[in-house]
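Got chain U sorted already, so can you dock chain G onto it with the hints?
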Amino acid sequence: MARALINLPRTARRGEVIEIRTLIQHVMETGYRPGADGVVVPRDIITRFTCLYNNEEIFAAELAPAIAANPFLSFSTVATESGILAFTWTGDNGFEQTETRSLTVT
Amino acid sequence: MSSPSSLRLSIERRALGAGLLAVALLRPARAERPGLREAVLGFTGGKEPSEGGITLDIPPLVENGNTVPVTIAVESPMTEEDHVRRIALFNERNPQPHVITAQIGPRAGRARLSTRMRLATSQRLVAVAELSDGSYRSASAEVIVTLAACVEG
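Sequences listed follow chains U and G, in order. First residue of the first sequence: 556, per this note's numbering; consecutive thereafter. First residue of the second sequence: 40, per this note's numbering; consecutive thereafter.
Chain U on its own, in the form it takes in the complex (with noise of 0.2 Å):
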């Protein structure tokens, strides 16, 4: 598991917009760059993450080889109810990770 870090309010008010900070640590391998070798490694990113709020989509990306290493993504979102966020990264090799954090709405 790839350490990630969201950051957003525990709780905000109905109708407030609330900002989302996210980082995933991923190299990002480019499948550009040549190894110490000289054989150009392959490519190894990140090409989707999503957000969903209570199951609902709120915030998708696709993601290049142009996206530094351990992708970091800021959205907002309006704060509707109480619930869950789910993120989710997806990527190269098999490369899949979902985190939830709770929002509670005043």
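Hints are computed from structural coordinates only; laboratory data are not their basis. Model, not experiment: these values are computed from the prediction. Worth double-checking, as some hints may not be accurate.
SDA-like mimics (lysine to any residue), calculated; alpha carbons at most 25 Å apart, straight line [what the hints assert, rightly or not]: (1) Lys86(G) to Ala615(U); (2) Lys86(G) to His122(G); (3) Lys86(G) to Thr110(G); (4) Lys86(G) to Ala112(G); (5) Lys86(G) to Glu617(U); (6) Lys86(G) to Gln135(G).
For chain G alone, kept in the frame of chain U given last:
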């Protein structure tokens, strides 16, 4: 009159020059990638995006191309009737034109996206947003990179 030794030297030099030329000519060209414009038009489906209403925030002078913070913000009320559907970022001179494409919607509240990207060299970047009415907006930025992201190794 040139002495035999200097004659030999000049022949060797000429041979060396020819050799270098041959190396330069035989080196395989970098694989062709679609240009920035083609990439943008591929995203918009051939429509010409209009300027304005979108900001692309990136440092104009980048010391390290391996991780460059970039923020795209679109002016939009983000309501059910009028919102941003997709935001994409393209580059001019990395090996691939695509950087990121994000799908957002009225639930985002704000049309704003931040990430960190790699830059292989000094170049131009273009951010494009697709609005709910089917129109497109774009913004561009020039970046100077002093230490390139390691494309060469």
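(message) So if I understand the rule, the pair passes when the alpha-carbon distance is 25 Å or less; does Lys86(G) with His122(G) pass?
(response) 18 Å, holds
(message) Against the 25 Å threshold, does the CA-CA distance of Lys86(G) and Ala615(U) hold or violate the hint?
(response) 23 Å, holds
(message) Just to be careful, I want the Cα atoms of Lys86(G) and Glu617(U) compared with a cutoff of 25 Å; is the pair within it?
(response) This hinted pair holds, its Cα atoms lying about 21 Å apart.
(message) Need the status of pair Lys86(G), Thr110(G): alpha-carbon distance at most 25 Å?
(response) Measuring from Cα to Cα gives roughly 24 Å; hence the hint holds.
(request) Decide if the proposed pair is consistent with the structure: Lys86(G) and Ala112(G), CA atoms, cutoff 25 Å inclusive. (result) Measuring from Cα to Cα gives roughly 21 Å; hence the hint holds.
(request) For the pair we were handed, Lys86(G) and Gln135(G), check the Cα-Cα distance against 25 Å. (result) 21 Å, holds
Of the numbered hints given earlier, the model fails none.
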